[in-house]
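So the protein lines, in turn, are chains X and F. The first sequence begins at 0 in numbering that gives the first Met the number 0 and counts up by one. The second sequence begins at 0 in numbering that gives the first Met the number 0 and counts up by one.
If you're looking for bench data, these hints aren't it; they were derived computationally from the structure. Using N, Cα and C, we set each Cβ at its ideal position, and we do this for glycine too. Some hints could be false.
A short, non-exhaustive set of chain X residues, derived as facing chain F with CB atoms under 10 Å [what the hints assert, rightly or not]:
(1) Met-9
(2) Gln-13
(3) Ala-34
(4) Val-38
(5) Pro-43
(6) Arg-98
(7) Trp-101
Here are some chain F residues the structure puts well away from chain X; computed CB gaps all over 10 Å [unchecked claim]:
(8) Arg-28
(9) Pro-135
(10) Trp-168
(11) Gly-207
From chain F, some residues computed to sit far from chain X (all C-beta separations above 12 Å) [unchecked claim]:
(12) Glu-5
(13) Ile-7
(14) Trp-13
(15) Ser-27
(16) Ala-63
(17) Val-126
(18) Gly-173
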Amino acid sequence: MGEPMIRSSMTRRQFGARVLRAGWWSLALTGIAAAWASVRFFWPRTSYTPPTRFLAGRPEDYGPGEVSLRYLESHRVWVVRGDGGIFAIVARCSHLGCRPNWFAEERRFKCPCHGSNFDAEGRVIAGPAPRPLKRAAVSLTPEGQILVDSADQAEHADAVRDPSFLVPLAEGPRRPSAEAHGRARDEGAAASEASFSGHRWKGDLA
Amino acid sequence: MSGIGERIRNGQLWKSIFRVGIPSDRRSRLQVILHNFFLHLHPTRVARSGLKMTYTFCLGGISAFLFILLTITGVFLMFYYVPEVGRAYSDMKDIGFVVPFGRVMRALHRWAAHGMVITVILHMLRVALTGSYKPPREFNWVIGVSLLVLTLLLSFTGYLLPWDQLAFWAITVGTNMAAAVPVAGHDGPFHEVAGVAVDNDVRYALLGGIEVGPNALIRFYVLHCVALPLIAVVLMGVHFWRVRKDGGISRPL
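Just chain F, same shape as in the assembly (with noise of 0.2 Å):
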């Protein structure tokens, strides 16, 4: 049995695909992770502080984890939901009700989204806390605000998306709190000085239109689907990337 793990581990496929063997010694343990596309984000070496759990928490982790998870679980849901008035909250009950595990995933999708934000709170408190926004550090910071603020505007273009009364009145209140921001509403204070109106605020590009109508579901579906994701991997990238630049994840001194 070795012999034929030998050969394989030894043959053109498997050295193509994996360019470090079995790491042996200090360096080719740390070449796997450089060499390794999905590891190479993470820092080469953890010191053995950094793994104290009552330091982190491991909260960035997890964040990171759940929206993997939402990832999936949100491109299944999208097999079945169409983002359509007359559809889309019958195309939900579909999925807990007539399509198998259905429920499961969109559980799954929902708490994963609830966890997501608690977790991503929680992050920025112990960041806060432990001081590990200080330099070289203060960029990653402004950065992870944003992270958080793509959180929340994921939480919020995905609760439109069932279009039940929760969803359209919440969105409802939501999108007139856009119209109430200085100069870009109409409601806002200002709004004159710029011409705003009802029909060329920023609510108005929110929801495509004067109300929560079909113009505002398919607006945050793409927003909640494609956009606000997109935006978000890249920044979780950097985010990522600058936490190894720094010298790795922050722990106690």
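With the rest of the complex left out, here is chain X (with noise of 0.2 Å):
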């Protein structure tokens, strides 16, 4: 007997601080994994909020002057119909982050917070806001539609330079009574907004 049948370089001594070894740093991989799954848990993959991109009826649907507070709940922006044409304002004060209220005797945007002004192009009349409004991208669509993209936004004086966040008037008479006409297609932009979108929002605050 005398000799072992299977030789090995290693003792069991190594082999056993092998397997500590291997034992704590899978222990402390795991404690790592750990820690980034419990600071990721807080960014959800979704957020239950209206899709950016969203139909505003037609350029014709305006009056001139128009401040259209149809998407201000559901979207954060004011719809627009300006000397130039169809524009959306982000309803984001610049100075904090709240959200201004329009008051259309006075044509002026005043946020509630800290009292800055703004007219009705976004641009600061009062108060401590730094900038104007932002504005969000607009576009028609081939069937006619006001395609607003609020997730694409600009500083007030990159937008006024930039045709992409303004839909120009069609030339040709306007049509009498625009009130009347937003009144009688609020249902067709909504189905059609819907459709857009594939879905709506849950709060569906619009």
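Hey, can you piece these two chains together into the complex? The hints should help.
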């Protein structure tokens, strides 16, 4: 007997140390993975907010100088018909991010938080706001509907020089009463919006 | 009568709870402190000069007292308040108008919260002015600063819970400040470097979304009622324990 059957270059003690080292390493890696998971946990993959791209009716639905609040609750933008055409202002004060209110009689946006005032173009009139209100990209679909992309935002100064932030008004006679049309097209717009975005927001504020 | 008291104090039940009898000398008085869970965080002996009110003004003690008061009144409020967008505001109003003593409970919580912010800041000021942060207490100063930050975070998270206009816009503004943090906030400098955008920055994690909404309410609620108080309790335990280990309450030299 005497001679062992299997020879190994590793002693029992060395083998034990290696197992122990592997154990500590796997424990450490598990700890790192757990720490990563605990942090990652707080960034959900989906937020149930409305789609940022949405249809906002036809250009002729907006009367001259109209500041529409129709997409304010759902998408946080005002769709405005200015002299040059239709554009979308992001309803987020450039000061600290509150949502200003539109005062039609004074033709001003006023922020309730710190009193900044903006004109209908979103330019600062008063208050602590450092910059004009941002704009959201707008375009015209082949069907003639206004497509707003509130994720594509630009500072006022850049937006006024960028054609993707303005839908120019078509040539030709205006319809006599834009407001009457506005009411009539409400349902149609909502339906087309639903089909365009695939789903509507859970809260369905619009 | 004294016979009954004597028998109770000598009985097994009493002795199983209170291991040290009525303190009669220096040693047993010391043991009472050492053998009681609640008292043992406190130093076993306090120097006469340590009792001088005008030195510490008991600001740390008042802060701790207010924290306990806030915990108790907060638990009471939790029996009625539901952190759900449709209910939060009306629950808060119900606590004020429908629940017996509800308004007292909420007022206590509110005033104690204001008070704690004040006393914690004054406590820090006192410690700075008396030089009580010096070795060996340097690390306890660091823990104290963490507790100050926790106090402010507890105030901030509690601010959203009434879900009124003030709460909503205050949290909007507050979390927008988080968005201005360098690298980690989508409005901050260098955010492009880390690929940080509105839907993956710190503000998103804080709100659970891109706007203050239902997710933000439940997040702030859990932070306010569970996560932050737990961290605060642990740090307060260490804070007090270190005061004891570093030679008791700081006092005039």
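A quick look at each hint next to the structure:
1. Met-9: It is violated, given that the least Cβ distance between X:Met-9 and chain F is near 45 Å, above 10 Å.
2. Gln-13: This hint is violated: X:Gln-13 lies away from chain F, its Cβ roughly 41 Å from the closest one there, beyond 10 Å.
3. Ala-34: violated, 15 Å
4. Val-38: holds, 9 Å
5. Pro-43: Because about 6 Å separates X:Pro-43 from the closest Cβ in chain F, which is inside the 10 Å limit, the hint holds.
6. Arg-98: holds, 8 Å
7. Trp-101: Violated - the Cβ of X:Trp-101 stays beyond 10 Å from chain F, reaching only about 17 Å at its closest.
8. Arg-28: holds, 45 Å
9. Pro-135: With a cut-off of 10 Å, F:Pro-135 remains clear of chain X, as the shortest Cβ separation is near 31 Å.
10. Trp-168: Violated, because the least Cβ-Cβ distance between F:Trp-168 and chain X comes to about 5 Å, which does not exceed 10 Å.
11. Gly-207: Nearest chain X Cβ is 6 Å from F:Gly-207, so the label is violated.
12. Glu-5: holds, 56 Å
13. Ile-7: The claim stands: F:Ile-7 keeps its Cβ more than 12 Å from every Cβ of chain X (closest is about 50 Å).
14. Trp-13: holds, 46 Å
15. Ser-27: Holds: least Cβ distance 46 Å, greater than 12 Å.
16. Ala-63: It holds; F:Ala-63 is separated from chain X by about 29 Å at its closest Cβ, greater than 12 Å.
17. Val-126: It holds; F:Val-126 is separated from chain X by about 33 Å at its closest Cβ, greater than 12 Å.
18. Gly-173: violated, 9 Å
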